[in-house]
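Here the protein sequences come in this chain order: A and B.
The working numbering applies: residue 1 is where the first sequence begins, and numbers increase by one.
The working numbering applies: residue 1001 is where the second sequence begins, and numbers increase by one.
These aren't lab readings, by the way, just hints derived from the structure by calculation.
Just so you know, nobody snuck in bad clues.
Restraint ranges, calculated between C-beta atoms of paired labels, are given here: (1) Asp594(A) to Lys1382(B): 35 to 43 Å; (2) Pro1298(B) to Glu79(A): 28 to 36 Å; (3) Gly640(A) to Glu1117(B): 24 to 32 Å.
Where a beta carbon is used, it is the ideal one built from N, C-alpha and C, also for glycine.
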Amino acid sequence: MATGNPHVRLGVDIGGTFTDVVLETGSEQFSTKVLTTYGAPEDAIIDGLKQVCAKASIEPSEIGQIIHGTTLATNALIERRGARTALITTEGFRDVIEMRTESRFEQYDLDLTLPEPLLARHQRFTVTERISARGEVLIELDPKEVESLVGRIKEAGYESVAVGLIHSYLNNKHENLIRDAINAKLPDVMVSLSSEVSPQMREYERFNTVVANAYIKPLMKSYLGRLQGELKKQQVDCPIFLMHSGGGIISLESAAEFPVRLVESGPAGGAVFAANIASRYGLDKVLSFDMGGTTAKICLIKNQTPKTSRVFEVARTYRFKKGSGMPISIPVIDMVEIGAGGGSLASVDAMRQIRVGPHSAGSEPGPACYGRGGDKPAVTDADLVLGKLDPDNFAGGSISLHADESAKALEAVLGEPLGMDAQTAAYGLVEVVDENMANAARVHAVENGEDLAEYTMIAFGGAAPLHASRLCEKLGVERLLVPPGAGVGSAIGFLRAPFSFEANRSHYMKLSDFDADVVSQLLSELSDEATAFVRSCDADAPIASEFKAYMRYSGQGWEIPVSLTSEQALNPDVQTYQALFEADYAALFGRVVDGMDIEITVWAVNATTPSQVEEPIALADVNGVAQSDVRRRVFDAAVGENVDAAVVLRDEFETGKLLKGPAIVTEDETTIIVPQSREAMRQSDGCIDITVQG
Amino acid sequence: MSSKTSNVAKQVMWNRLISVVEEQAQALVRTAFSTSVREAGDLSAGVYDTQGRMLAQAVTGTPGHVNAMADAVPHFIRRLGVDNIFEGDVYITNDPWEGTGHLHDITVVTPSFHDAELVGFFACTAHIVDIGGRGFGADANSVYEEGLYIPIMKLTERGRIDTTLINIIRGNVREPDQLIGDVYALSTCNEIGHRRLIDMMQEFNLDSLQEIAEFILDNSRRATLERINALPAKTANGEMRIDGFSRPIDLKVHLTFEKDRILCDFAGTSGLDKKGINVPLVYTKAYACYALKCAIAPEIPNNAASLAPFEITAPVNSIVNAVHPAPVALRHVIGHMIPDTVYDALDKMLPNTVPAEGAGCLCNFQVSLRPRTDDVETDEDKAARDAAVRSEVLTFNSGGSGARPSQDGMNATAFPSGVMTMPIEATEHVGPVIIWRKELRPDSGGAGQYRGGLGQYMEVGAVEGHEFDFQAMFDRVDHPARGRQGGADGAPTEIRQDDMTPMKGKGKQFVPHGRRVVLSFPGGAGYGAASDRDPELVRRDLAHGYISAQACMRDYGFSQAEVDKVLNAVKRGENYS
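Can you make the complete structure from the sequences, with help from the hints?
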């Protein structure tokens, strides 16, 4: 029986550099950052757990629930540190994961290196069998052939097996038979089936997803087991849940079975964090902007729900370029990630234009201003030279910054070839990186048919508050919120996430052949499947199902997700489906196409416990002007020159006080820049609310 | 603002324009109907100044449209007349010579107005699956048989769409709804580009693009000329023989590096073919220029100034400068071979830069399925025939690319084309076709210090009750990719039926009920002598099955014992990555 106080909850996010731990005791919040311990990641968790318990003056045994997210699954894929894994696939299709889309993701590079498939060719086995595009068996599976294949798996000592057969998302009979055969002979070998991990059409994505799942399964299973053991040693015997890439939480057992769903769980937590702030402020259109050391992530949050997608790419090998990674088709929060962070390095290209990223200075040697031998200018160097950072109070004073080193690097790498002084070079560098991020946000908005002018930005992550206001200027966004705890946003997000699980399935249907019985049966099956997963986490909570049909004009290649009410899902009628699709299509692309048949390709049901609805906060009234004795010169990019800025400590910034830009709000974890075009006010929940000056 | 500061702003605007055309291209991919656009990415999008000079082109898309797009907008301005351009207009053409090389590419141009003044143009091009006529294939004897021709004209004038034109298009093509859907997609994507441009002009308070245009073109020109002027003044010839349709074709090129320009002339190349594999010059220019840019100035974006120093010429009515009314539908088959021809010359001028020859043209085919027409006896067969349907299925596939001076060629990867294949599960949903096999073809990459990329096997049949015509669009049956610096040739294309009935590399061919087409797509050639190959790489190739035991012993001199050692290690699960 689980112990602990259900109101005492711990959020843990294992990131690439830091493990963030947040403890909430119902009334108060305590957080810490400890360095990630790669060899045994659970050590950092225990360390952080002890720290926050000490801060809160509670015993670890009082913790009633742990929500955990981790980059370990992602890193294992990037660094190729998975198990000895084999793939079993249909005869004739051994090379699907290696042939990819048969295209080059960079057209002008004659020396392009394609990413290696996760499993080399000799780790991919074939079996004679075939299912048709209508789900019928064209060639039966031969048990003798399977038996001999299992013998080869045994001889080669594989620990984990992925099974991916053509059209198995329509008929999983053969995949199940293969699993039974392996289980019977090799009970210790873990088996992952593509029809369970990702039952969607398109063999490259599905096979790659099941291979990724199989590849990291032994590692994640063992890690999660050890974590449970270590926590027990600390008298922590509460339920542990895992954040998944779709923005919800699942049981530890489900996570161990489908570890590929943990990929990108950290950024998903960040989006949930922003969505939670959005609900507190009653905002229906939010752009979340998360900028750390190496990348920036941008996500659209409508009606307090992050936008989701069915496929994304992990482990990009070539400048974060689309197509250079491996596709994973699982429910995921849809965000764009680009190589733009505080450590991103700048250079000059053949056209004498400044380029920034995706290479990063990392933590060693770090940007030039760290004074550890870095001689290339990073974004942080430019921020320092422009006066946005205080050299003596960076990271709470733990690292002192050397502006002269920054200036030297800026002059050598950018100033020299372009005939610019250090400050102009810094201005150019920051404008380029801000423009890159703004362009990524713009393209993402266009792809989703959204106009960013109606959005509010919520910024978190160490580097975001330095750049967020400039992004708002560029995007025409009028309001920006910088929440407290921005440095551990993902871990806080974990504590706000609902229990949820999305089940989906490919099933083609044209509206001209619409079969209401099939639709309602399919959607209720998916709803039952998804609900069962959520029920295993929480025996009592009400569970709601969200229904989606992915639709397009027959002949198009891209579906748009159309949301259905449960009435529309379970008592379907074709006119409603057509009307819903046409309304969404027109909103995205301006007009409908008359006379074309419409088809549905994928059906999805997300079962979820209710989101934690925040009490909307009462917005503070302006009750005076924030006082500041300290002033600093800071470069304002929109103005094009240095301006005189008031400096205010965030801790001393009182609710309701108004701070007109140009101004700087400083805290241990980050610095908020308020440009001349904006003014800031502190709200009662600690958010800094930055708007266009009236 | 100081001049330095405004240079920063101009750079921001340049980045923005590249992002604008990328948005334009993405909108096209998402709304298009033809598989060639939405799955394969056979499209292009760009923005132009009022003189029709291309300022930026989307990275999404394929090289075949590079120069064609740059040249297209001036044709529109000239044909329509500057006084005849109004706000709310949209223009269209599929002229192979003033558009992008065949009737199957539709180009749409939209003038962009800001405060009632013309400030520039947006253009986009997409390859559509059907334009009427004989259908997509090599069998026509003139362009008149290849489908509907749309001269440069207005699709929309001052916001009013030309319904007569729409009706004519609808009445002349096999899939009218889809084609009209694609035409709408093309004009929608220009509209999206236009809106973003106006946002930018408002943000930066611009009333024309003139200043930013000069900045982009000056910087691009200077960067391109720096690269060209760093080359040794030299000249060289290149040539390549390929299958052609009715007889083999010789492609010949004479390449010259001069101050401020590169001359690339195709004198000596074979004359026209009777069938539709001829190439309008605009498409030849695109692939010649693409090949040179990859080797000499890969990171300089495409625009009027960065393309201008590459001067591509060819004699009229050679196969690479076909004029009206030559049939040109499959101009890509020859066009995709142009880079390897150019590289034959370039390798003599810039050693250790360019790859060995590869598969070259895409290995595309179209399958036209219908209910079987032979005699059927059993009730089961009759039922299958009665349930059968008519359907057209087009697929895109690639052979291997040539080995590079310091790495192997890429397996089953398109070069020079920029398109993608389709998932076979998606293809099998389009029509009653069954793809029985699609996997790498061992031993097809030419041996060498660096091995050529592997081609692939495919096996294509139909669902019970159907027969089909198979439209082949292949080359390199008789002329495989040639090795460089002592590397071996790649394997040739092979095509037959599963009962060994031979088939041809090009043209429409009947496949009776129950038969399958068995295809072996060509491999890339090797680079350098096989004896210089790192034995570790040979062992890896053997372990992965990229090469057979026989080839390992024959080409790389391994002993039986060495081969057995590797194969036994594989059985024990040892890794060779």
